[in-house]
Structures are given as C-alpha cells and as structure tokens.
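Protein chains in written order, with the working numbering: chain A, 1 to 214; chain B, 1 to 214; chain C, 1 to 214.
Bear in mind the hints are in silico, worked out from the structure with no lab data behind them. Careful, some of the hints might be misleading.
Stretch-level coverage of chain C by chain A, calculated; a stretch enters the list once three of its residues show a Cβ under 8 Å from a Cβ in chain A [what the hints assert, rightly or not]: (1) 28-38; (2) 47-61; (3) 65-72; (4) 134-147.
We put the beta carbon where it would ideally sit given N, CA and C, even for glycine.
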Amino acid sequence: MNSTSPTFLVLDLAGTFAFALNGAWTAMRVARLDIVGVVTLGMMTALGGGFIRDTILDALPPATFSDWRYLAVAAAGALVAFVSGQFADKLATPILVLDALGLSLFAVSGALKGVGFQVGVAQAVILGVITAVGGGSLRDVLIRQIPAVLTSGLYAIPAVVGALVVVAGTQMGVAALPSAIVGAALCFAIRMAGVHFGVNAPGPIGRGRANADP
Amino acid sequence: MNSTSPTFLVLDLAGTFAFALNGAWTAMRVARLDIVGVVTLGMMTALGGGFIRDTILDALPPATFSDWRYLAVAAAGALVAFVSGQFADKLATPILVLDALGLSLFAVSGALKGVGFQVGVAQAVILGVITAVGGGSLRDVLIRQIPAVLTSGLYAIPAVVGALVVVAGTQMGVAALPSAIVGAALCFAIRMAGVHFGVNAPGPIGRGRANADP
Amino acid sequence: MNSTSPTFLVLDLAGTFAFALNGAWTAMRVARLDIVGVVTLGMMTALGGGFIRDTILDALPPATFSDWRYLAVAAAGALVAFVSGQFADKLATPILVLDALGLSLFAVSGALKGVGFQVGVAQAVILGVITAVGGGSLRDVLIRQIPAVLTSGLYAIPAVVGALVVVAGTQMGVAALPSAIVGAALCFAIRMAGVHFGVNAPGPIGRGRANADP
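Sequences and hints are given; from them, build the entire structure.
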C-alpha cells in the first residue's frame, strides 16, 4: 500500500471534501462568518488532520499543502457550502452526516498512510484516529467549542474501529480497497448510531452521565 | 531569492517586532497578564506564524527558534510593550496598526520564503497568508477570542494580495525588494482601509451581515 | 548526554505519567467527560509537549508517537485517573502537585534533549520551557481555559530555572543525573511555593495586580 495509490487518494480527497463542506457550514451556522471566514474554516477543517498526520510521519511538506488537488478540493467544498448558505437553517443533519463521513474516510486513509510508512500497528491505528479527529478539533477550538472528540464518547471509538479494520486487513494480506470500505462503513455506522441514539461511552464511576452530544 | 537574503531577513524581523509589540499589548489590554504572560503572548504572536511556515516547508528547526535574532527581537518587542504598560488604555489604535504591519510584512516574507523553497505559485501565496495570520490566530485562541482571520473579512484578503504581488513579481523577474515593498504597502493599505471603513467581504446569501470587526 | 540515555528516558516518562494523570483528572473535574474524553485529554496533555519539542528539533516522527513506551505510560496514567474518578472532588491539590511535577520533569528533560541535539544554550532553555508548558497549554485550550503559562506568573519562571540548571550543569561538565535532580527539585519547589503563597510576577506598571492563580 502506497500513499500515492488511487485507493488512498480517493479516500483522502473524499474526506477532504466532506470536512470542507462540514467546516464551512459550521462556520455559517455557529459564527455567521463572511465568505473569507467560511472558506478559511472549511479549508482548515479539511486540511488540518492531514497536516498533523504528515508532520508526525515526517512527510513534510504535508500533502495537503504540496499537492494542489487537496487545496482545490478543499476550496471547492468550502465554496459549494458558501453558495448554499440560504439553506443553513436546515443544515444540522447534513453537518453531522458529513462530519461522520469525513471521520470515517480519514480514519481509514490515515491508518493506510501509517501502514505505508511502516509505523507500528498501534501507531497506525492512532495515526488514523489523529487524522480523523484533527481537523474537526481545530475547527472547534477556532470557534471556541470543546472538541467533539472530548465530549462525545462515540466519536473517537468509531475512528479506532475503522482504523483497526484497515490495519488488521493489511496485516492479514487483504487488499487495501475492501478493508478500507469495510472499515469506513463500520466507523460511519457506529458514529451515526451514536448520534441517533445519543449513546456515550461510560462516564466516571459515581459521577453521573457525561456530557451528551451537543 | 534566498531565505537568508538581507531583504527577507529585514522584512521578517520587522514583522516579528510588530507582532511582539501587538501580542504583548493585547495581553495587557484583554487579559491583564503579568510580565511573564505578557512576554509569552508577545513572543508566541511574533514567532508562531514563522514556526508554522517552517514546519510546512520542512525547514526545521524553525528559523524563529534556531536563529537567535528572532528570539531577541521578539523578546525585545514584548519587553518594550510591557514597560509602556501605563499607556495601555490608549493602545487600541497602535494595536490595530501593528497587527496590520505584521500581517503585511509576514505575508510578503512568507511568500518570499515559499518562492525560495520552490513551492508552486498557489502554495507560495498560501504560505504567505499562513505566515501572516498564524501568529495572530495563535494569540487569539490562547486568550479565547475567535481569530480575526475568521471574523474580519478584510484580514485574509489583504494578505492574499500582498503575497500575490510578491509571487507575481518574482515570476516576472522583478527584484525581491521593490515587489516586497509594493506588496506590503498594498496589504497594509487595504487592511487599514477595511478597519477604518468597517468593510467586510460578502456574507452568506440571505443571511444578513457577517460579524463586524471587533 | 544522549536522548536515549536512561536518565533522560526516566525523567521524560515520569513527566508523561504525571501529566497524563493531571490531564485526565482535569477533564473529570472541569468538563465531566466520559472515558474517551478523559483518556484523550490525559494523553494529549502528556504527549503534547514532547510532540512540539520534537517538531522543533526536527526529531520526527516524535518519540511520543514512535516509542510505544510513551503511548503506554500516557494511556496507563489516564486510565488510572479514570478508575479513581469517585475521588474527583478531592483532587484539586493532587492536580496542582502533578502539574508542578510534570512541569519540573519536562523542563529538565526538554533542556537535556536540546543539549543532546546541540542547539544553543538559550535555545536549550527555551526548549525545556516549551516542553514543560506545551502539554498543559494544549489541555487548557481544549477545555477553553486561558493557559496557566499566561495567567500564572510563577509557572514559566520555575521552568526557566529548572532548564537553566541543567544547561549550566552540562556546560560545566556535571553529569546529567545530578543536575537534572537539582533542576527539577528547584523548579518544583518554586512552583509549589508560588501556588502556596499566591505569588505572581510583577504586573504592568500602574495597572494593579495581574490575575491571581485560578
């Protein structure tokens, strides 16, 4: 598995597009920013996770900067979000779905890139999770929200599952594409189930429920 | 154009000084920090943009760390700000002017460094913008404000213009110094005009005005 | 002094454990997160400073990622904190003590690593301070607090003292272990004295007291 393979690139660019839309729409719902703010937040959400991933892997300059396709896809996603601004009041569900989609695609592509760089098994899983939650966490910090990875129990866990499937698949010699599809689908399903049923991971013993999903 | 050329160094150190003063005075106005807090925020504002720039370029260790002149200029700027603390109530305008100055100088120096590292044309412009807005965004996140690049339409745009002038100049064979002066002056003028007239980029369609400059 | 020497490793792993406990308990006190949020914040607090340090040193991938011992120690500290959650109401003092301990150990280990990479004397001290305050600052930003390094005067100063002792010791040919012990003990004592007596560095002239320790 090579980080320039078509499978990796399609997953990574699809995740970039999903997070660009998500970040830009979040900007319009939460902070009512102008076009520059909307596009900036969209691009940071889309490109932030890959930037952290590539810094950790010492794969600098990061692909999200040096490869024009990432910049173009992120900008396109943010602009599409901006021009559909009049629908912003109906965007709560699309924002959640796109966030789950970006999470799933980046968990899988981040883990694949880690495998390609021959980091350890645990490290590849962690790298998938960091890629998946990095951009959204940056988005949340910039608009002064506590990142979803901290408040929503079923946010990191599906990313762990998705990355784990891919890493296990690679270890067992399964081709990248099928294990990536299974991993991403599983991650997406768990995340959406968590959102739908308001499920959380266990809270501290004797301290009642943790924060529900916002 | 070489990133150790005198032109680059003067622009970059002048921007460092402007942001150190700006960050330190911001700390004193907004959060009333003590000398350590003031100097720390001043230095982070001054050195943060260059740190992100050099990480992206894989020019590590970052010049803002390994070159003592950056550390000395940033510390000096922050200390000058601290000892002039009794004037803090009159500092709203100087803070804005210094922010615009740092933005202009770093947009230009960041783009020049990108050109020196032979990144693509779009990448050099983006690198200028990241350098210009990076330190101030770090400052704003640390004191719990939404970064100006998100809320103020005419913050990223002048940085894009300044970086674009420098990159276009280099492409056309113009010497670094004149195009840097024109780019920085244009960036500064647009930013100050935006502040003065309260101009913003267009907001989302049908959603009313975006946030005004704070 | 080599960054894989036993002295360095013990200091660095002990600091990692202290910050993992501290970050996880902070999560439970301040934000009442569930197990994933608690472990995530604990690991970010524990591993964040070393990640920034190793990025600056161009020692990528960071040891906090590529060396499984850091991941294991950070995860263990966070899990220990989680299962002791029912004591969270009595944790204010342990949290402060662990924070001071992590600060002291990382100030010393960060400076030692800088010396090992043959950065300048001032740079080694700054690197110690960045390692010491980096993880805690990340923790504070993620839970929407102004980082202690900005609001608490006697937070950066003890880290400077601890790092300075180690760097001076190395310059004078003292072995790493004794100067590390003296540096860390001094840093810890100054920090705890500052907490106990509510001491702060001087505030801006004519502007009254800076924020007290939170």
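query: Which of the listed hints are broken here?
result: Violated hints: none; all satisfied.
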